[in-house]
Structures are given as C-alpha cells and as structure tokens.
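Chains D and H, in that order, are what the protein sequence lines are.
Residues in the first sequence are numbered consecutively from -13, following this note's numbering.
Residues in the second sequence are numbered consecutively from 3, following this note's numbering.
Simulated from the structure, these hints should not be mistaken for lab results.
Because the structure is a prediction, the values reported are computed rather than measured.
Incorrect hints may have been included.
Derived coverage of chain D by chain H (criterion: at least 3 residues anywhere in the stretch with Cβ under 8 Å from a Cβ of chain H; other residues may be distant) [what the hints assert, rightly or not]:
1. -5 to 4
2. 46 to 54
3. 58 to 72
4. 152 to 164
5. 181 to 195
Each residue gets a CB set at the ideal place from its N, CA and C atoms; glycine is no exception.
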Amino acid sequence: MNIAVCVKEVPSATSQRRLDPGTKRLDRSGDSEPNPFDVHALEEAIQIRERGADVGEIVAVCMGPGSAQRVLTKALALGADRAVLVTDAALAGSDIAGTAYVLAAAVGKQDADLVLLGQQAADADCYVMAAAVADHLRRPLVTQVAELRLDGGTVKAKRQAEHGYDLIEAPLPAVISVSDAINTPRLPSIKAIMGAKKKPLETVSAADLELDAARVGGDNARSVVREISPPPAKSEGLRIEDAGGDSAEKVVAFLSEKGLI
Amino acid sequence: MAGLLVYVHHDDGEFSPQGLGLLAKAAGLGGEVTAFVAGSGIDDGWAGSLGGHGAAKVLVADDAALGGLSQPIVDALAPTAAEADAVLFGAGVVSADVAAGLAARLGAGIACETTDIAMADGGVVATRPALDDTVMVESGFSGGPGIVLARANAFPVREGASGTAPVERVPVSVDDWSQRASLTGRETAEGGGVDITEADILVSVGRGMGGPENVQLVEALAKALGGEVAATRAVVDAGWVPYSMQVGQTGKTVSPKLYIACGVSGAIQHKVGMASAGTIIAINKDGNAPIFEFADVGVVGDALAILPKLTELVAARKG
Ligand SMILES: Cc1cc2nc3c(=O)[nH]c(=O)nc-3n(C[C@H](O)[C@H](O)[C@H](O)COP(=O)(O)OP(=O)(O)OC[C@H]3O[C@@H](n4cnc5c(N)ncnc54)[C@H](O)[C@@H]3O)c2cc1C
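Next comes chain D alone, as it looks inside the complex (with noise of 0.2 Å):
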C-alpha cells in the first residue's frame, strides 16, 4: 500500500500575514512553513507504517510556487519517503476548485491507496479540500478524522460533527483528512534533516500532468475577489506581558474593577 499526503505551504504562524492590496491575493514573500494540520497527516502516515501496515512508500505532494519546496524538504525530513511539487506559473492564483483538480490529477499519478490531508488550511480557515479532492478521484471520504485505524482494506474512523462522533468506514482506496487531535508530530532529527537532501524530490509542471488549461489559474478562477477592506473597528484589549511574573496580581485587579469577582 502506498500513501500520498498533500502539504500546503502557509505563511509561518509567527510571519506577519496580509493581502497583496495589488493582487488581492495572499502575500507569500515571507517565511513559510507546511500547513500544522497536514503534518499531523504526514505523521498519522508514518505511525500507519509503525503500527504494521505494509506501506510501500509514502509521497508528499503539493502545489505551489517554487519556494514550496522547502516545505517539501521539510516533509521529508519529517519521514515522506518522496515528494511531488506540482509548479507552474500558468498556476498562479487558481481557485478552491482549480486547485483541488490540480492536486488531483497529481495525486492520481502516484499510485495511492490513502490518500491524506489536513482537515483543514491554517492561511485560509477552510476545510474543504479532502472532499473536492475526493469526488475528483471518486473516492470515498472521511473528513476531519481523530481516530483512524487500517483494517485489511477497510479505513476504520472516528470524527467529530455536531452531535458528537461518527464512526465511519470505507475501503481503501479513500481520501481521509485528519483532526489535529490524530497525532502528535515528531519533531525531525539532525540526521533525517540532512537525510532529507537525499530523498527525490520531483518536480511536475501543468503539462506534465495533461491538466485542461482553461480549468486552472487566476484567470480562469471561478471565485473572485472583487474588494479588500478593514474590519469592523473594535476596541483595543488590554495586553499583560507576564515578564515580572505579575499577570495573575493583574488579571484579578482586572476582574475586580469589572466586578467579575
């Protein structure tokens, strides 16, 4: 069995983020890192193999600009056997939808039985790639999971909704995005840091994968950002630095003064 996990390159969460007023569309010049939520998948794919299952290789696949390959090299460092960048500047700027074809059609070349996401985008807030990803491949889907467990060809799992857990299983091959409750992530060694510049890591462009041009890039984005604007106002809280060790005296002449206590 091989497995695919699709990695996100996000602004890391200490840069400060903003919108290209210009492009209108997310500034990525600074620091970034792999999106928190698809290391947990990443490392829910290495404890699969821990725990026994027979997985041949596991491929970490993303779309991005060129500098998304350090996420990549960051995967592999973290135990992805290889990685894919699918890059490609006719790709720039492509939707929710074009993205989730590029991702794929790129997916779809790699052999996978499993194929796992983040259940969600740190830069974005939106969890929906698992299942537009999913009905791509039409593969069965679970989303959001916290509890999986491989039984023969059967994911078993556990995910939350709003009436509490379901317990769903599929046969593989599946599309499954992870809780960031699944796993806690390894932190890489040195050795699989310099490891990692010896893993392949391939790089495709839209031809590459026979991609129907007019479905891709900002210019064939079927959501559109029409306007960027500030929020509403709102008031400015109050902010305690704990250096002195004296927020707690703080906090409570804080409540007291509300009356809170």
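Keeping the supplied structure of chain D fixed, place chain H with the ligand upon it in accordance with the hints.
Frame of chain D; chain H with the ligand shown alone:
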C-alpha cells in the same frame, strides 16, 4: 432552476439551525429561494415547513442511499445545483463536505467562512473575514453557479417561523463509488453533568495546557471563581475531557459573563462558539496567537505557571 438554492442539512429529524438561518438570509435578498433537502423517508409536511424560514419552494431528494454521509448527497444535488445562480450551505461537517464535493463536480467557485451575502451586478457576492478576522474579503463568481459556505452562527434563524412551501420531489441517482463509505455507528454526548451553556463563568482548557494531567489547574481556577470548565475540540478529540464540555462550531455556543481561555489558540471554529462572551481573558504563551485579536485581556505567558497563582489570588480575594 435559476435563483438561489439553499441546501438545508438535517440530522435525527431536525433541520440544522445553520441551514435555517441561511434560508432567512437568502429570502431577504429579493429573489426566489428554493430549499433542497436530501434524506431517506422524508415527510413532505416537515420539508414544507421550510417555507416558514424563507423558502418559496422545497425540493426533496429521497433515497435509501441518502443516509447522512456527503458523497451520495452530492450526486442527488448536482443536477439541480448546476442550473442555479448560486448554491448556499450552512456551516457543518457534512454540509461543508457536500459543498466542496459539489464545487469539484461542477468546477464551480466556492467561498468559505461567509458572514455576509449580497446581490451585486446580477450575481451573488460573499463576504468573509480572513487572516484571523483582520481583513474583510468580498468575492464574486464567474462561469456557473457560485457556491457559498457560511461561517457557523453567522445567520440567525427566523423567530416564530410559521407557514409552508410547496414540496417537489426530484429524481435521484446515486453512483456506486459514492456509497462506498458507510456510517457504522455514533457516539453521542452522555447525558447528565454540567450544562456549560448555563454557566456565568467558564474557564476553558486548550491544547497549550500540555496534557490531561494539567486539566486540574483549570478546574481549580473555575472552582475558585464559581464557574465551570470548558474545552476546545483539540482537547476533546484527544480524550482529555468529555465532548459535553466542548465550545465551538461542532460543540456548544456559550455566552458567559466571563470566559478565560487557557492555552487556546483561538481558531475561528472555537471563536464562533464563545465570541459573544461578556469579557474574554486569554492566557497564551505565543504573542501572535489569533485569540489575542479578540480577547479583552491578553496575557502573554505560560498558563501552567500563571494559573496556580491566579487561583490562589482569586481564592484569597473571595476568602
Ligand atoms: C469543521 C470544524 C469544526 C471545528 N469545531 C471546533 C469546535 O467546536 N471547537 C473547537 O475548539 N475547535 C473546533 N475545530 C478545530 C479548530 O480549528 C482548532 O483545531 C482547535 O480549536 C484548536 O484547539 P486548541 O486551541 O486547544 O489547540 P491549538 O490550536 O494547538 O492551540 C494551543 C495554543 O496553546 C498555546 N500554548 C502552548 N503552550 C502553552 C503554555 N504553556 N501556556 C499558554 N499557552 C500555551 C499555543 O501558543 C497555542 O496557541 C473545528 C475545526 C473544523 C474544521
């Protein structure tokens, strides 16, 4: 079918309030609004009651394959949706999966986390707050129906809704592959215990508390304040505390006088369940955490170190 189509999800014989709220919003936009209900053994009278919430007409897809998972619903919905100007979805796990599957099926644009909808230049425009709600983004659609997925609790349900709409059944054909996943069981919240929606003071535990062994630090503060303990989904999914304590999109919506979030990042799906609290205090060691964007008091520091001291001071004050 031109006009707006609203998919209204239901579970256990109850329509999702997220779908109902969206119907009310859509009805206020001026055009003809059609509701779409999918399931097995649907009662026409029940479906027709969506008229009271704003639907001019209700389409019902009724088939044994429509048992609650998203993929068969996409099959049932796609032919009607392809003809609509826009298809609107309330927030929800299955609802979002249907919206996303449909976007792929139709190659349609999808706008997520929508908090406002308007008509402009003959089409639907969806607005959302983005990047931890620091900027508003307005999106339109081209080349086919637009798909709009709402943020949880963004659109209130019509109060005292009454009235009915005509119901029409649509033919359903479900592919084999979309029926491969199956719902084999359910674990619902156990009854009894505390109802966190009734509490005036909530102290919530997030993954930043490090592990289940530290939940007692939060319990101690809640006790000193005379409040209850709440939690994020990350902590519930990991089994630290029961689901009945969860606040957020797939948990409870609370509005206590005071909400103290400990080691909680402030993800949108958590925020939608507690943003209306009177006063929000956040303790988080990452000065960039999203929760500081909407907390009234943001303490940048280690909750494990701060909580015992805070509990002691509160207890002494109340003494
Ligand atoms: C459809 C859907 C529905 C969802 N529904 C919900 C829901 O109902 N409720 C919900 O909560 N989530 C929900 N989520 C998940 C949500 O997106 C987040 O994953 C979740 O809220 C994160 O929980 P957390 O804040 O505990 O963990 P994290 O996001 O991991 O945050 C932990 C925080 O703790 C801080 N920290 C670490 N150590 C310390 C320390 N020693 N002291 C102080 N701070 C520390 C970190 O800086 C970090 O900000 C949903 C997601 C989806 C896709």
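Legend entry - Hint numbers not upheld by this structure, sorted from lowest to highest: 2, 3 and 5
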